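Q: Letter by letter, the chains look like this.
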Amino acid sequence: MATLDQKSPNVLLQSLCCRITGKSEAEVAHQFQYAVRVIGSNYAPTIERDEFLVSEKIKKELLKQRRETDAALFSELHRKLQTQGVLKHRWSVLYLLLSLSEDPRKPSSRVGNYGALFAQALPRDAHSTPFYCTRPQSLALGYGERSTGLSASVGTSGISSLGVYTLNGPTPTPQSLLAGQPPQSAGAQPLGSRLAWALPMSSSPSSALAPPSTRPPLGPPALSSRVPRPRRDGDTGEVNEVALVRDILYVFQGIDGKFIKLSAQDNCYKIDSKVVLCKSLRDTSSRLAELGWLHNKVRKYTDARSLDRAFGLVGQSFCASLHQELKEYYRLLSVLHSQLQVEDDQGVNVCTESSLTLRRLLVWMYDPKVRLKTLAALVDYCQGRKGGELASAVHAYGKTGDPQMRALVQHILSLVSHPILNFLYRWIYDGELEDTYHEFFVASDPNVKTDRLWHDKYSLRKSMIPSFITMDQARKVLLIGKSINFLHQVCHDRTPPGKITSASKSADTPKDAAELLSDLEGAFQEKIDAAYFDTSKYLLDVLNRNYLLLEHLQAMRRYLLLGQGDFIRHLMDLLKPELVRPATTLYQHNLTGILETAVRATNAQFDNAEILKRLDVRLLEVSPGDTGWDVFSLDYHVDGPIATVFTRECMGHYLRVFNFLWRAKRMEYTLTDIWKGQMCNAKLLKTMPELSGVLHQCHILASEMVHFIHQMQYYITFEVLECSWDELWNKVQQAQDLDHIIAAHEVFLDTIISRCLLDNNSRSLLNQLRAIFDQIIEFQSAQDSLYRSALEELSLRLQFEEKKRQREEEGQWGVTAEVEAEEKKRIQEFQETIPKMRSQLRILTHFYQSIVQQFLVLLMTSSDESLRFLSFRLDFNEHYRAREPRLRASLGATRGRRPSNI
Amino acid sequence: MASAANTNLNAVRETMDVLLEISRLLNTGLDMESLSICVRLCEQGINPEALSAVIKELRKASESLKASENCAN
Numbered sequence: 001m002a003t004l005d006q007k008s009p010n011v012l013l014q015s016l017c018c019r020i021t022g023k024s025e026a027e028v029a030h031q032f033q034y035a036v037r038v039i040g041s042n043y044a045p046t047i048e049r050d051e052f053l054v055s056e057k058i059k060k061e062l063l064k065q066r067r068e069t070d071a072a073l074f075s076e077l078h079r080k081l082q083t084q085g086v087l088k089h090r091w092s093v094l095y096l097l098l099s100l101s102e103d104p105r106k107p108s109s110r111v112g113n114y115g116a117l118f119a120q121a122l123p124r125d126a127h128s129t130p131f132y133c134t135r136p137q138s139l140a141l142g143y144g145e146r147s148t149g150l151s152a153s154v155g156t157s158g159i160s161s162l163g164v165y166t167l168n169g170p171t172p173t174p175q176s177l178l179a180g181q182p183p184q185s186a187g188a189q190p191l192g193s194r195l196a197w198a199l200p201m202s203s204s205p206s207s208a209l210a211p212p213s214t215r216p217p218l219g220p221p222a223l224s225s226r227v228p229r230p231r232r233d234g235d236t237g238e239v240n241e242v243a244l245v246r247d248i249l250y251v252f253q254g255i256d257g258k259f260i261k262l263s264a265q266d267n268c269y270k271i272d273s274k275v276v277l278c279k280s281l282r283d284t285s286s287r288l289a290e291l292g293w294l295h296n297k298v299r300k301y302t303d304a305r306s307l308d309r310a311f312g313l314v315g316q317s318f319c320a321s322l323h324q325e326l327k328e329y330y331r332l333l334s335v336l337h338s339q340l341q342v343e344d345d346q347g348v349n350v351c352t353e354s355s356l357t358l359r360r361l362l363v364w365m366y367d368p369k370v371r372l373k374t375l376a377a378l379v380d381y382c383q384g385r386k387g388g389e390l391a392s393a394v395h396a397y398g399k400t401g402d403p404q405m406r407a408l409v410q411h412i413l414s415l416v417s418h419p420i421l422n423f424l425y426r427w428i429y430d431g432e433l434e435d436t437y438h439e440f441f442v443a444s445d446p447n448v449k450t451d452r453l454w455h456d457k458y459s460l461r462k463s464m465i466p467s468f469i470t471m472d473q474a475r476k477v478l479l480i481g482k483s484i485n486f487l488h489q490v491c492h493d494r495t496p497p498g499k500i501t502s503a504s505k506s507a508d509t510p511k512d513a514a515e516l517l518s519d520l521e522g523a524f525q526e527k528i529d530a531a532y533f534d535t536s537k538y539l540l541d542v543l544n545r546n547y548l549l550l551e552h553l554q555a556m557r558r559y560l561l562l563g564q565g566d567f568i569r570h571l572m573d574l575l576k577p578e579l580v581r582p583a584t585t586l587y588q589h590n591l592t593g594i595l596e597t598a599v600r601a602t603n604a605q606f607d608n609a610e611i612l613k614r615l616d617v618r619l620l621e622v623s624p625g626d627t628g629w630d631v632f633s634l635d636y637h638v639d640g641p642i643a644t645v646f647t648r649e650c651m652g653h654y655l656r657v658f659n660f661l662w663r664a665k666r667m668e669y670t671l672t673d674i675w676k677g678q679m680c681n682a683k684l685l686k687t688m689p690e691l692s693g694v695l696h697q698c699h700i701l702a703s704e705m706v707h708f709i710h711q712m713q714y715y716i717t718f719e720v721l722e723c724s725w726d727e728l729w730n731k732v733q734q735a736q737d738l739d740h741i742i743a744a745h746e747v748f749l750d751t752i753i754s755r756c757l758l759d760n761n762s763r764s765l766l767n768q769l770r771a772i773f774d775q776i777i778e779f780q781s782a783q784d785s786l787y788r789s790a791l792e793e794l795s796l797r798l799q800f801e802e803k804k805r806q807r808e809e810e811g812q813w814g815v816t817a818e819v820e821a822e823e824k825k826r827i828q829e830f831q832e833t834i835p836k837m838r839s840q841l842r843i844l845t846h847f848y849q850s851i852v853q854q855f856l857v858l859l860m861t862s863s864d865e866s867l868r869f870l871s872f873r874l875d876f877n878e879h880y881r882a883r884e885p886r887l888r889a890s891l892g893a894t895r896g897r898r899p900s901n902i
Numbered sequence: 001m002a003s004a005a006n007t008n009l010n011a012v013r014e015t016m017d018v019l020l021e022i023s024r025l026l027n028t029g030l031d032m033e034s035l036s037i038c039v040r041l042c043e044q045g046i047n048p049e050a051l052s053a054v055i056k057e058l059r060k061a062s063e064s065l066k067a068s069e070n071c072a073n
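Sequence lines, in order, name chains A and B.
Counted the way full-length UniProt numbering counts, the first sequence spans residues 1 to 902.
Counted the way full-length UniProt numbering counts, the second sequence spans residues 1 to 73.
Do not rely on the hints blindly, as some may be mistaken.
Unchecked claim - What the simulated footprint calls covered on chain B by chain A, stretch by stretch (three residues with Cβ under 8 Å from a Cβ of chain A suffice, anywhere in the stretch; the number is not a length):
1) 13–25
2) 29–40
3) 45–55
4) 59–70
Said to hold, decoys possible - Computed list of lysine to aspartate or glutamate pairs in EDC-like fashion (alpha-carbon distance at most 16 Å, straight line):
5) B:56 / A:102
6) B:66 / A:27
7) A:80 / B:14
8) B:60 / A:389
9) A:23 / B:69
10) A:88 / B:43
Stated by the list, open to error - If you only want the chain A side, here are some residues facing chain B, beta carbon under 7 Å, derived:
11) 11
12) 20
13) 38
14) 72
15) 74
16) 84
17) 86
18) 93
19) 100
20) 101
Hints in this document: simulated from the structure, not taken from any laboratory.
Here the structure is a predicted model, which is why all the values come from computation and not from measurement.
Ideal Cβ positions, reconstructed from N, Cα and C, are used throughout, including at glycine.
Work out the full structure: start from the sequences and follow the hints.
A: Right under this line is the structure:
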């Protein structure tokens, strides 16, 4: 018999059936069929195939029964078994033995205890619930530890909510029933038929009655004694209470009874008006019938929604939680049914203390009614909501003072929020967004390309933020996932997400979700904060280390904002001959060559090659009459991750600012040239006293301009650029995430733009300034022509003197009358041009001064404080104030006010 | 060849003894023959969970049968 020959499983099964039942093959045909069905339907084991685990479980079981010696003996035997190696599926055999084992101290109760029937036979089939699929281990354990009550490992949330349920009120559900898992799809047989099968087997009715009568919290005994005996006197015409109870039990499930039917027009269950019934019974039963209505409501919702795929995961888990609650309710009903059955078996005349009456039902069903009411209200409130919105709705219902209700809603909420938390963890730890039904509060736009990923791709879906997550947390969550995606897609950083954040643990079960929900301020916030901090820091590190973000920022400052003085000056020197030409004759490659020369000759050459290669020349669009000065611009190429900070708009701003600064710089440069000319020519032209007035005029105007431009330059360099730069640099150093840097940078650019008078508000100011600049250029050309003619005249006079001297040396007359007359005439002509020059200069000066005055007036009325200070500085000696009454008024007002402010 | 078969047989017998002992320890209520059938079924890769469910079910059925017979008697 011990040969392990290969017979077919069916043959073996049949012999097993015979063996256990002790019947012949023909008699066990029914059982055999059942066995084949069960085995066939469970071919794939739901448990782990681990021999070690099984043996450990056996040992634990033995230890629990305080049989330490046996446990030792078992380990010995197990070792022996392992050494022999005849069996291939040792774990399987061991597992079988373990599941068949029974505690010898427990009274053997193989039959009759239908609680045990649920508990033992059914969990094997109950893998349609999702929780068992994920944790098959707990199932097996739960079976073994059932004797010690509710074990933690069986404690999926379904049970935990149930625990509250049984503890808090009298419920007619026997404890032993609770331990087992309800049959969701109980093999082939529905619950009712199982009960029917189990009940008649009990040889004595008391054993079947045992669970209801022994349940401890069944309500005070005083109450049951007060319950009036149901009338069973066979009153003809009047409905028997037992029949009514039976009806009610059907109504509880939403099925019309014999007397109580759903009235379509009133939308409630009503007792048939034709039925003769005393008022109290009628009242009681209609109160009970409310349960049926509530049940229908919840049922309708779940039925309608569970098939709707577009309802999303959150909705599905909401339906699942409702189903769970309904299941508890059905279980209760089945117990009541079975009791009714038993009573029927006993016969109507036997009336025990625990028989079912309407009043008793009223008491027992009180708690389920409250629960169903809550569920129905919840269903009403959640109508038409999905995703995070749904979770918010459920969360709103959890704010109640009733602890039972709160527990119920909390449990539902933990199930409902589980998918959301799953999304969240996927998002913040892996950066993945698997949100087919748009339920999560982070939305992604697939049309956005990677270059705008940071700015446009992801956004918050405000309506889907569950109310238990604050806006701040939601923003952080968005930022974390965005950073991860940015790292992957833009920075091409392939670091596994686990390395960025250490605690990459996801919510595996709804229980974890429940724990998190209960501690939103603490653990959850901490988790998000940690992930936020780590991810952002890592991102900034990558940007700074691999992509030199800060260096680029500094390069912008140095090149586009003219921070590198020697380079800019040298570049201007080199470019001057090129730029005075008309813009159409400029060629980019020539300018690029000059740029390179300038870089090589100055300190810029020590900069990072990465930065220098991005530096380039750009020619702006040429309009007719432009010179090179108008169209020349430096450019800085940005791409990849850096372009996220230096966006296209930012670069546009930079170019505008550069243009402005370049212009101002050119004015300074021009004025330097003017001054140089004055210095060089002053001595030469001393010999022409008639010019001294004009020259003096020139000098005065030039120094006025120099003063103006110097003050402007001071303002731009120190009050605008350096201040804003310092602010930006501090912010960038303290930035926690990329958004901070981007924001700081944008603020920086905005301040520069507005303070450099480049924004729309100060357009008139800028126009005035441009006009001043134009005056400077004009003055330069005027002075140039003046000097040219003066020098020409000078050289002619020198020639004349030279000739005179030469002739005298030769012994002739130095001058003849006609030559002298000619000379005199020329000098006369020259001297006649001098008043013209003077008037030209006077006009220029007048224009210039009036423009500056207007500029000052505009500055005074400007809202920016730094601009008002600039006007004060420009007119420090009150030169313009004396000329312009408007200035006098406003300046006086400001000065008058100042002491009072201090 | 014969001796090999013999040692194999011995090993099998020993294994069965060990298993019977474990079964006794765990109080499974299986006798030698049932156990050997079960072991053979398990060796064929049948899900032990299902098998144990079947055995329990069978036991209940047989007891209820007996009970009903008693009632009939």
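Q: Give a verdict on every hint.
A: Structure-based check of each hint:
1. Coverage of a stretch by a chain is defined here by at least three residues with a beta carbon nearer than 8 Å to that chain's beta carbons; for the stretch 13–25 of chain B and chain A the count is 10, and the condition holds.
2. Residues of the stretch 29–40 of chain B lying with their CB closer than 8 Å to a CB of chain A number 11, which satisfies the three-residue condition for coverage.
3. Here's how the stretch 45–55 of chain B fares: 11 of its residues keep a CB closer than 8 Å to some CB of chain A, so the rule of at least three is met and the hint holds.
4. Only when three residues or more bring their CB closer than 8 Å to a CB of chain A does the claim for the stretch 59–70 of chain B stand; here the count is 10, and the claim holds.
5. A C-alpha spacing of about 11 Å is found between residue 56 of chain B and residue 102 of chain A, which places the hinted pair at or below 16 Å, so the restraint holds.
6. For the proposed pair residue 66 of chain B and residue 27 of chain A, the alpha carbon gap of about 13 Å is at most 16 Å, so the pair holds.
7. The suggested pairing of residue 80 of chain A with residue 14 of chain B holds, with an alpha-carbon distance near 9 Å, which does not exceed 16 Å.
8. Only pairs whose Cα atoms come within 16 Å are accepted, and residue 60 of chain B paired with residue 389 of chain A is rejected, the gap being roughly 50 Å.
9. For the given pair, residue 23 of chain A sits about 13 Å from residue 69 of chain B by alpha-carbon distance, which is consistent with the 16 Å threshold.
10. The straight-line distance between the Cα atoms of residue 88 of chain A and residue 43 of chain B is roughly 6 Å, inside the 16 Å bound, and the hint therefore holds.
11. Contact between residue 11 of chain A and chain B, as hinted, is not supported at the beta carbon level, the nearest pair being about 10 Å apart and thus beyond 7 Å.
12. For the restraint placing residue 20 of chain A at the interface with chain B, the shortest Cβ-Cβ distance is roughly 5 Å, inside the 7 Å limit, so the hint holds.
13. A distance limit of 7 Å between C-beta atoms decides the matter here; for residue 38 of chain A the minimum to chain B is near 5 Å, and the interface restraint holds.
14. Checking residue 72 of chain A against chain B by beta carbon gives a least distance of about 11 Å; that is not within 7 Å, so the hint is violated.
15. Because the closest C-beta pair between residue 74 of chain A and chain B is about 6 Å apart, less than 7 Å, the hint holds.
16. Among the interface hints, the one on residue 84 of chain A holds; its C-beta lies about 5 Å from the nearest C-beta in chain B, closer than the 7 Å criterion.
17. About 5 Å separates the beta-carbon of residue 86 of chain A from the nearest beta-carbon of chain B, less than 7 Å, and the hint is met.
18. Because the closest C-beta pair between residue 93 of chain A and chain B is about 5 Å apart, less than 7 Å, the hint holds.
19. Restraint check, residue 100 of chain A versus chain B: the minimum CB separation of about 4 Å is within 7 Å; hint holds.
20. With its C-beta approaching chain B no nearer than about 3 Å, residue 101 of chain A sits inside the 7 Å limit, and its interface hint holds.
Comparing the model with each numbered hint stated earlier shows that hints 8, 11, 14 do not hold.
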